[in-house]
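Protein chains in written order, with our numbering: chain H, 10 to 177; chain E, 10 to 177; chain G, 10 to 177; chain F, 10 to 177.
Just so you know, the hints here were simulated from the structure itself, not pulled from any lab data.
Worth double-checking, as some hints may not be accurate.
For chains that are exact copies, the list does not tell them apart, and a pair is met inside one copy or across any two.
Said to hold, decoys possible - With a Cα cut of at most 25 Å, we get these calculated SDA-like pairs of lysine to any residue:
{"no.": "1", "residue 1": "Lys153", "residue 2": "Pro167"}
{"no.": "2", "residue 1": "Lys153", "residue 2": "Glu43"}
{"no.": "3", "residue 1": "Lys153", "residue 2": "Glu142"}
{"no.": "4", "residue 1": "Lys153", "residue 2": "Arg89"}
{"no.": "5", "residue 1": "Lys93", "residue 2": "Tyr42"}
{"no.": "6", "residue 1": "Lys93", "residue 2": "Glu43"}
{"no.": "7", "residue 1": "Lys93", "residue 2": "Val109"}
{"no.": "8", "residue 1": "Lys72", "residue 2": "Val22"}
{"no.": "9", "residue 1": "Lys93", "residue 2": "Gly131"}
{"no.": "10", "residue 1": "Lys80", "residue 2": "Tyr42"}
{"no.": "11", "residue 1": "Lys162", "residue 2": "Gln24"}
{"no.": "12", "residue 1": "Lys72", "residue 2": "Arg20"}
{"no.": "13", "residue 1": "Lys72", "residue 2": "Glu37"}
{"no.": "14", "residue 1": "Lys153", "residue 2": "Tyr42"}
{"no.": "15", "residue 1": "Lys153", "residue 2": "Phe74"}
{"no.": "16", "residue 1": "Lys72", "residue 2": "Thr127"}
{"no.": "17", "residue 1": "Lys80", "residue 2": "Gly150"}
{"no.": "18", "residue 1": "Lys112", "residue 2": "Arg69"}
{"no.": "19", "residue 1": "Lys72", "residue 2": "Leu25"}
{"no.": "20", "residue 1": "Lys93", "residue 2": "Glu142"}
{"no.": "21", "residue 1": "Lys93", "residue 2": "Asp140"}
{"no.": "22", "residue 1": "Lys72", "residue 2": "Thr105"}
{"no.": "23", "residue 1": "Lys93", "residue 2": "Leu125"}
{"no.": "24", "residue 1": "Lys80", "residue 2": "Leu103"}
{"no.": "25", "residue 1": "Lys72", "residue 2": "Glu128"}
{"no.": "26", "residue 1": "Lys72", "residue 2": "Tyr42"}
{"no.": "27", "residue 1": "Lys80", "residue 2": "Arg69"}
{"no.": "28", "residue 1": "Lys80", "residue 2": "Thr23"}
{"no.": "29", "residue 1": "Lys80", "residue 2": "Leu68"}
{"no.": "30", "residue 1": "Lys112", "residue 2": "Tyr94"}
All figures in this text were calculated on a predicted structure; none of them were measured in a lab.
4 protein chains.
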Amino acid sequence: MKEQYPAEHSREVTQLANRLIENGHEMEVRVYYEDTDFSGVVYHSNYLKYMERSRTEWLRHLKIFHTDLEKDDSAFAIHRMALKYGPPARIDDLLTVRTVLQKLTGARSFLRQEVLRTEADGSEVMLCGADVEVAFINHGGGAKRFPDDLREKLTGSPDGMYPLGGET
Amino acid sequence: MKEQYPAEHSREVTQLANRLIENGHEMEVRVYYEDTDFSGVVYHSNYLKYMERSRTEWLRHLKIFHTDLEKDDSAFAIHRMALKYGPPARIDDLLTVRTVLQKLTGARSFLRQEVLRTEADGSEVMLCGADVEVAFINHGGGAKRFPDDLREKLTGSPDGMYPLGGET
Amino acid sequence: MKEQYPAEHSREVTQLANRLIENGHEMEVRVYYEDTDFSGVVYHSNYLKYMERSRTEWLRHLKIFHTDLEKDDSAFAIHRMALKYGPPARIDDLLTVRTVLQKLTGARSFLRQEVLRTEADGSEVMLCGADVEVAFINHGGGAKRFPDDLREKLTGSPDGMYPLGGET
Amino acid sequence: MKEQYPAEHSREVTQLANRLIENGHEMEVRVYYEDTDFSGVVYHSNYLKYMERSRTEWLRHLKIFHTDLEKDDSAFAIHRMALKYGPPARIDDLLTVRTVLQKLTGARSFLRQEVLRTEADGSEVMLCGADVEVAFINHGGGAKRFPDDLREKLTGSPDGMYPLGGET
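Turn these sequences into a full structure, and let the hints steer you where they fit.
Here it is in structure tokens:
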């Protein structure tokens with residue numbers, strides 16, 4: 010698994026993007042030694058780390074902080090995750106992690122997350138895509154309804170649902 | 010997320026089990042510092058590492074080795090993974106990782122993997138369960154049919170399929 | 010870095026050893042995918058994980074548990090570590106992690122830890138060796154004297170020092 | 010270890026710095042879930058990952074790429090590392106990793122690397138400092154002299170040594 014390496018972006022010095030997009034977030038990550046395994050590519054579970062970074066940075070943009078949640082006996086916890094892997098990422102790759110909120114119910118959020126690489130011809134290839142169901146829980150692990158302020162930060166409205174008019 | 014800790018197994022000195030079971034494998038893992046995160050429980054992507062260890066040890070029992078595969082321009086690569094998370098594992102927990110081969114086609118294997126904890130009352134709780142589709146590929150990433158000797162190791166027969174009589 | 014692979018132990022099914030030795034502890038670890046990087050060998054920081062596992066299992070043998078310490082506003086924290094790397098470990102390697110207590114003062118323990126591989130000719134090669142200074146601290150990070158019961162577990166005597174008669 | 014959290018930078022949205030400094034490199038890293046352990050702080054071996062990221066980005070600035078080295082039967086490998094730990098980093102912290110080349114001989118480079126946090130009062134605190142000796146090796150693991158072009162990239166001169174006039 011050590012083919013020729015085409016991507017010019019692997020040789021650039023760059024500041025990594027980290028920005029809000031419509032209903033979500035996008036950030037860039039660089040593939041380092043720590044991310045790869047002996048087969049020459051990114052170890053499969055490390056895509057989940059990239060996705061968590063994007064969820065965290067998205068929440069930071071929305072002024073939602075893990076430390077505040079913890080003080081409030083709350084946390085987000087992954088409940089389900091359906092992963093599909095495409096071509097692998099390699100050392101030095103510059104990847105994009107895209108997170109889009111698909112649905113918000115009383116105590117769950119449903120996200121679509123993708124780790125993408127832009128190829129030499131400008132096309133985006135999906136290296137790992139995930140449908141992610143995140144539960145809002147208390148420290149005992151029980152489900153918890155999103156408080157109004159958190160719901161407002163996530164949807165723009167204290168009684169907001171995703172998609173608009175969706176059921177709880 | 011720092012409740013009382015009930016499980017006695019967390020205080021035992023033990024040799025970790027690693028054994029074949031019917032159509033699969035079972036091994037024990039101990040939860041160490043490295044596996045946990047600041048919320049006090051095992052970081053969600055680390056269950057995938059536990060599962061990979063069990064797949065590797067299962068293959069070792071069947072005399073299938075990653076280094077041999079690599080020399081033969083072959084590798085197993087995760088293609089899909091559907092994960093469901095239950096209660097979290099904590100530091101010092103003794104966990105069981107169970108791997109069962111569900112189906113084998115021409116170039117894919119389908120596994121059921123579970124990370125379990127035996128509670129004080131003897132019941133098993135599933136902390137993370139996964140339906141895993143593993144592709145057999147060459148170094149270029151293309152699908153590859155299982156060679157006869159590998160198929161025989163996995164199913165006991167050079168033209169074996171799982172379940173018996175299954176289609177390719 | 011992908012030479013021929015000689016070591017037969019990489020092909021064995023084995024239960025991993027985990028035992029007390031004089032003034033310390035010895036355990037075996039298997040190298041999995043997760044431990045390696047794209048250069049084909051174990052990523053340098055992962056030897057520190059192996060060492061932590063051995064320290065934890067050693068403490069478990071001595072009936073010292075991280076969760077008890079935490080409830081008692083205590084923790085062990087690495088203060089210094091001097092690492093020397095030898096030949097690298099590779100996928101499937103069976104390694105030995107050896108931990109020996111060198112010295113115990115009022116609030117510090119000094120350990121010698123080595124990650125070793127037994128070669129085909131029976132000789133042991135040191136892949137990573139570390140002189141480790143561990144501080145005993147409270148949750149604020151301040152130094153804390155070892156309580157008598159902990160000191161007794163570590164040295165066999167409530168006022169025990171290492172080496173015998175050493176200064177505090 | 011879950012004190013009040015003072016640092017405002019933990020709540021900022023920011024693009025992470027990544028830049029050359031005199032004789033070295035400086036980059037910012039954000040602490041994510043994946044970096045922490047159940048004691049509430051960054052796991053000790055993860056500082057080594059931060060340091061490796063800075064070494065890699067420094068080399069990228071100098072047009073030195075791991076994939077080119079690999080094709081040329083070369084690699085950098087950590088030979089020794091002397092680590093000293095200070096106060097711990099916590100979730101959401103914005104850290105600075107600073108890498109300074111101290112000395113370059115025929116086949117070794119000696120780096121000083123520090124992971125720092127800027128406190129509320131503007132002072133920098135060292136969370137982890139390391140004196141790092143990096144060997145230049147071939148794939149068999151043997152020492153290798155730096156080729157002229159690599160030496161020029163690292164020092165600005167094809168026969169450059171660090172410090173100026175230093176011995177090989």
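Here is what the structure says about each hint:
no.	hint	verdict
1	Lys153 to Pro167	within (16 Å within a copy, 48 Å between copies)
2	Lys153 to Glu43	between (36 Å within a copy, 24 Å between copies)
3	Lys153 to Glu142	within (14 Å within a copy, 33 Å between copies)
4	Lys153 to Arg89	within (17 Å within a copy, 30 Å between copies)
5	Lys93 to Tyr42	both (23 Å within a copy, 20 Å between copies)
6	Lys93 to Glu43	both (22 Å within a copy, 19 Å between copies)
7	Lys93 to Val109	both (16 Å within a copy, 20 Å between copies)
8	Lys72 to Val22	between (29 Å within a copy, 9 Å between copies)
9	Lys93 to Gly131	within (22 Å within a copy, 35 Å between copies)
10	Lys80 to Tyr42	between (35 Å within a copy, 16 Å between copies)
11	Lys162 to Gln24	between (27 Å within a copy, 22 Å between copies)
12	Lys72 to Arg20	between (34 Å within a copy, 7 Å between copies)
13	Lys72 to Glu37	both (20 Å within a copy, 20 Å between copies)
14	Lys153 to Tyr42	between (39 Å within a copy, 21 Å between copies)
15	Lys153 to Phe74	within (17 Å within a copy, 32 Å between copies)
16	Lys72 to Thr127	between (30 Å within a copy, 21 Å between copies)
17	Lys80 to Gly150	both (15 Å within a copy, 20 Å between copies)
18	Lys112 to Arg69	within (19 Å within a copy, 40 Å between copies)
19	Lys72 to Leu25	both (20 Å within a copy, 18 Å between copies)
20	Lys93 to Glu142	both (15 Å within a copy, 9 Å between copies)
21	Lys93 to Asp140	both (9 Å within a copy, 12 Å between copies)
22	Lys72 to Thr105	both (22 Å within a copy, 23 Å between copies)
23	Lys93 to Leu125	both (12 Å within a copy, 24 Å between copies)
24	Lys80 to Leu103	between (35 Å within a copy, 20 Å between copies)
25	Lys72 to Glu128	between (33 Å within a copy, 21 Å between copies)
26	Lys72 to Tyr42	between (32 Å within a copy, 17 Å between copies)
27	Lys80 to Arg69	within (16 Å within a copy, 31 Å between copies)
28	Lys80 to Thr23	between (36 Å within a copy, 24 Å between copies)
29	Lys80 to Leu68	within (16 Å within a copy, 31 Å between copies)
30	Lys112 to Tyr94	both (23 Å within a copy, 19 Å between copies)
Violated hints are absent here; each numbered hint is respected by the structure.
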